[in-house]
Each structure stands twice: as structure tokens, then as C-alpha cells.
Amino acid sequence: MKEHVKGVILVILLGLFALVGVVISGTQVAYAHEISIVLTLVAVALGYRIYLHGIRSLLHGNVTAQLFASIAIFISVIAGLVLPSASATGTAEAVGYLTAAAIVAFIILAGMTLEDYIIHRTRGALEKLINMSPTTARIRRDGDEVEVPIDEVKIGEIVLVKPGDKIPVDGTVISGHSTVNQATITGESIPVEKTVGDHTFAGTLNEHGALEIKVEKIAEDTTLAHIIQLVEEAQEKKAPIQNVADRFTTYFLPIMAVLASSVFAVSYFALGFDVALARTVTVLLVACPCALSIAVPVAVAGTIGNASMNGIIIKGGTHIEKLKDVKLVAFDKTGTLTFGEPKVVETKTFGRYSEVDVIKYAAIAEKFSEHPLSKAIIVKADEISLKIPDPTDFKTVPGHGVDAHYGNKHILIGTKMMETEISEEANQLMNRVESEGKTAIPVALDKNVIGVIVVADTVRGNSLEAVQRLKRLGVKTVMITGDNMRTAKSIAEQLGVDEVHAELLPEQKVAVIGELRKGNVVAMVGDGVNDAPALANSDVGFAMGAAGSDVAVETADVALLGDDLTKVEYAISLSRKAFNRMKGNIVYAFIWNIVALSLAAFGILNPVLAVVLAEAGCISVVINSALLLLSKPKPLAKIEGYTSRA
Amino acid sequence: MNIEKAVLKASKKDCTACSTCATFKAENLRHALSRLGGVSKVKVDEITGKVTIEYDTQKIIFAKITERIEKLGYQVEILSREEIQ
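Protein sequences, first through last, are from chains A and B.
Numbering that gives the first Met the number 0 puts the first residue of the first sequence at 0, with every later residue one more than the last.
Numbering that gives the first Met the number 0 puts the first residue of the second sequence at 0, with every later residue one more than the last.
Possibly wrong hints are sitting among the right ones.
Stated by the list, open to error - Computed, partial: chain B to chain A, Cβ under 10 Å:
(1) S18
(2) T19
(3) A21
(4) K24
(5) R34
(6) F61
(7) K63
(8) G72
(9) R80
(10) E81
These aren't lab readings, by the way, just hints derived from the structure by calculation.
Beta carbons: idealized from backbone N, C-alpha and C, even for Gly.
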């Protein structure tokens, strides 16, 4: 900040000296002319940043726009001192050479200062992230609670986090229960429940409960620090379109030097020294390579910064250019479009038994089973706050079900365990459920079927919205999964996915991606670990839910830190917008330069107007690119009181 | 505390046509380095790419600094390294 204040003060001083110089020259004060010259020279000298940059770059072997400006200002100053009555454009009312030099220095310095400031602000997104991390932590040491600087916390220590405080470390909750807003990491502002055994991230906000967290990662090793480093690296990675601009700017200034010399030579012989000098100075000042060269890097930094604030890490400019062309998005099903864990979705009861009875007896029998379907039933029992007693005895029959006793009651679970005829009603239900790709689990009590529990993998809350948003963007959606066709089709229909490829082995997924890529730019969305080969074989690989998995974040082209799939559409539309802006800026800067140069060469511009044009061109491009930082994703429909599990 | 000062040269093939790009790159590099734990002072010359950095050798190893610069896409050349405190 201090740097910026210093820069602004210099600009203001320069402007003041120049202004007072002009005012005094018009008065009848004694030595008005001499005082005016001195003040104006001081003003020109205050633009030293320009000359230093120009000369030091030249010594370093680089010809820069600042060098051209320095030469132009120098020529004007000399002309002003040697030819006091001469005017900049050869017309009588035009400003004097010396005053012109001061005004030119003022505009260029003001431009440089403004650009520095915008560049500084473009980094703002990242700074915001960095500032999320607390600098101290409250820890328990020798029975006491002490507040210590974060770099003195050791791995394995216990950190205490009060309600409303930021969590300072990556670790595991060992006591307490709370909700945590993880937006800094995942970009999703819906708080996540945290209880014993859950993982926490440094920089996230603890909401209503107190937590005790065992420290696992600190400082540069935390997920947040890692994300920031990745973003910094990504912002340095050039977009291919940059090469077009770079190639152009390489030749730009040498061509300008030749052009300026030719303009001087031609004008000198045709129109005389005065006009030749004015036109040469104007040509040197109007050249604006900046607009061409800075447009893309600022846009890349703005886009990647914006994405990172929304829980998306785009790993470099190349991926922005790939993303904008994506015509087809392939999703993995299990764990990506769906939660990947079976849940009880329906309970059908028979006879006098209630839903609670069916769940209760099933849960008793399944209490000690590790099978995913058993877990689904136990979770359901928990949800309806059932206390589940232990079974008296139980026996799991792999691939069949469970045979258990509870007191004098005999419980059987699973189709193949049924010893009695299953009623027509139950059979119909089970057939329907199976055709939908779900699993039906009959429960029998003392040899009577009392109900059927339907278990299925469920789709994530945002999957439907994610698919629909992509469709509105004109992007085709495809599901590729190892699961059976029936289940895959059922989920694809719920979500409106265009195409389904099911029953695939991991290497077949790679082959399918290869097929899809014929004629399409394909993005693949998966969990980043199991789907790594398919992700690697796509044009743009999205790893979702990547926070906490360094492998996933590291290998993906785009890492979605949370599990909100609508971010896929946001990444694509943001990239389209960013690329259009880069392209637009390059074309605009190119035309701007050609027009301004022609005007300068034919004497239609004077030096002051030239430099105003050049700076305006450059600044408008920088601002236009930096504004990408402010784009926002379309809001999701809010679900009251909804919290998702970590 | 064991402060060392190193002078490095970070170079990258990039546009050098005006001060804006140069400032942009230098700012990014300076920020990235100043955030490394144990680094107390960083100066980056936008024209020459010369990086002057002071750090506590008990908190950070030198290789981590050069590695960070390289990860940001630069070639690193070590010009000098000395203990100052």
C-alpha cells in the first residue's frame, strides 16, 4: 500500500509543478518565463521512474515503451530549451515543447501508477484467501490453555476452537460437535457438520459449537496453503493465445523504431525540421505494446483468481483455452453424480407392522454387519432416532443375507434367506424396484415377511442442476460408469443425462473417452483417484471433492475442492468469457495501435493527444481483463436449514 | 535466529516491452516468496529479475526457496549467499 501512496504522491507533485509552470508563464511576474521553465523541468524530472525503467531495461538488453517515452520526452525538453518559441505541432496555439514534455510525463506516470494498482488488485483474490488463515492458535499445553503464534504449534497437539473462530490447522476433531463453513476451501457456503473423527481445514470458520482438534498439518502443509501455492503457479502458466501477443510485441518496438526514423526523414525533407520533430515524438509516444502484452496475463490471473474464490482450481492458462471449447462433459456416476453410498429410500410394510418396526428388526439383525447395505439400514435407524439393541445371536450368509435372533424372535433378511412364500404384492414391489436399478431387501419376522426395505445410491443435490446448466450452455452430457446398465439408466433419466455408457472397466472408460474425443473437446468429471486414467485421457480432467486429497488436486487439470457439480458449468462459462475478453483485447489493441500510429505519422495527433491515446488504450485493456475477477456464479436455490456431511 | 541473505537471478522468457508486464511478474514472484515461512525480506527487481531474499535458516532450507521460484516457471541462478546475523 505504501508503494501506491508514494506513486500517487509523485504523480500529483508532477502534475502540480507542470500546472504552476503553465500558469506562471502566462502572468506578468518578473522572470515569469524562467520560473516557468524551472518548474516545468522539475515536473519532467519527477517522472524519473519512466526514464529509469527505460534506461535500465536498455542496459539489460531490452527495448521498452518506457525507453521510447524517455527519448520522446528528452527530445521535447531539448527542443523546448533550444527552440523556446517552437510549438509541438507546428500550429500556433499548440502547447510549447517543454510543457508538452511535462504533460506527457504526467500522463505516462499516472498510467503506470494506475496499472500497478490494478495489478495489485488482481492479486486481491489470492490475498483474501491468504488472510483467511489465523495467525495464532489456542492450544492445550500441560493442562493449560495458551494462545501461541501459529508457527509454534506442533503436529499432534490439541487446538481448541471456540464458536465463531477460524480453524487454524488441518486436523481431526477429537471432541465437540459443530458446523463449519468451508467456503474458503470449497467455495460452498453451506456449512458442513463436524463431529469426532471428521477432518477440518485451516482457514475455515467454526460456527456454533466448540471443537477440539488434533493437529495434523500446519503452515505451508495445510490444504489452504497448498491451494494458494497451486493458484500462484497456475497464474504464471501462459495461455497459448499469449504466444500470438508475444510474437507480435517482439517485433513491435523494433518496427516502431524504424517507423519513427522514417517519419522523421520523410517529414524533414518534405515539411522541415519542426514538423519532423513533432511527428517523430508523437510516433514514439503513441506506440502501445502494453495493451497487447498485458491483456492475456492479467485475464489469466483474474480468471484463475476468480475460480479459486469459488472453490475451483484451474491449473493454468492452457486449461482456460481448452475449457472454453468443451462440447461434451463425461461424468463418472458413483461418487460423482451420486453420493456413492447406498441409502434407504423407501420402506414398504405388510400386515400390522409399521415402518419403524421393519427398520428396527432389520437394524437389530444387521447391527454388527459391515456390508454397505447393512450400514444403510443402521444409518436409517439412527436418522429416526431408534435405539437398537444387540441381537441375541446372528449369522451373515455372504451373498444371501442375515439370519438372527432377538429374544425369542427370529429375523431373516435378504431375498435368498426367505423360507416362506413371498406374497404377490411383495414380489411385484421387488420387481419394480429392481427394474429401477435399486436393491430390495425383504425382512421376515418369525417366517412372515413384514416389509421390504428399498436401498439405492442417491444422486447429489446439485447433480440435476449441474446437468441442466450444462445443457443450457449447449454442452452434451454423458455418464460413464462401471455399474450395471439398469442402475445407470435409471440415474441418467433422473438427471437428464444425454448418453450412458455402463458396465465399463477402468481401462474401458479410457477407451470410451478416446471415442468421445473424436470431433469433440471432452471434459471428464470424476473423483480424481479411481478415475485418474480417464481424467488424464480427457481434454480437461475435473477432480471433484478434491480438498484433502493432494493426489487428486495435483493430477487434475481442474480441481473442484467441494462437491458442487454446478461448478463445472461455471468453470466452462467463465473460461469462455475470459477467452473472449483476451481475444477481444488483442484485436482491440492491435487496431488501436494501427489507427493511432497512422494518425501520428500523418501529423493528425500532437504528442499530448498521442500519449493520452496510448495510455487510455493500455489501461482500458488492463481494466477489462482485471474485471474478470468480479464475475460470479449463478446462485443455487437455497435449501433452508440444510447441512451436508463432510 | 540465523539469518541468511541470498541474491538470485530468476529468469523467464517473457514479454519485456513495457513496465506493466515486468511489474506484474515481479509482484507475483515477490508475493509467493514472502509467504514462505521463515522468509523475512524479499526484493524483486522487475527489470533484471534479481531476487534479494533474507530468511531464517532454522525455519526454512535454501533449496525450498529455489524450488518455489522454479515451480513458478523461472530458471534460477544463485549469485551470492551469506550469513548476516
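Evaluation of the provided hints:
1. The restraint placing S18 of chain B at the interface with chain A holds, with a minimum CB-CB distance near 5 Å, inside the 10 Å limit.
2. For the restraint placing T19 of chain B at the interface with chain A, the shortest Cβ-Cβ distance is roughly 5 Å, inside the 10 Å limit, so the hint holds.
3. Hint status for A21 of chain B: holds, given a least beta-carbon distance of 8 Å to chain A, under 10 Å.
4. Hint status for K24 of chain B: holds, given a least beta-carbon distance of 8 Å to chain A, under 10 Å.
5. Nearest Cβ of chain A to the Cβ of R34 of chain B: about 7 Å, under the 10 Å cut. The hint holds.
6. This hint is violated: F61 of chain B has a C-beta 15 Å from the nearest C-beta of chain A, more than the 10 Å allowed.
7. A hinted interface residue such as K63 of chain B counts as satisfied when its beta carbon comes closer than 10 Å to some beta carbon of chain A; here the least separation is about 9 Å, so the hint holds.
8. Using the Cβ-Cβ criterion of 10 Å, the hint placing G72 of chain B at the interface with chain A is satisfied: the shortest such distance is roughly 5 Å.
9. For R80 of chain B, the suggested interface contact is broken, since its CB lies about 22 Å from the closest CB of chain A, more than 10 Å.
10. Nearest Cβ of chain A to the Cβ of E81 of chain B: about 25 Å, over the 10 Å cut. The hint is violated.
Taken one by one, the earlier hints fail for this structure at numbers 6, 9 and 10, listed in ascending order.
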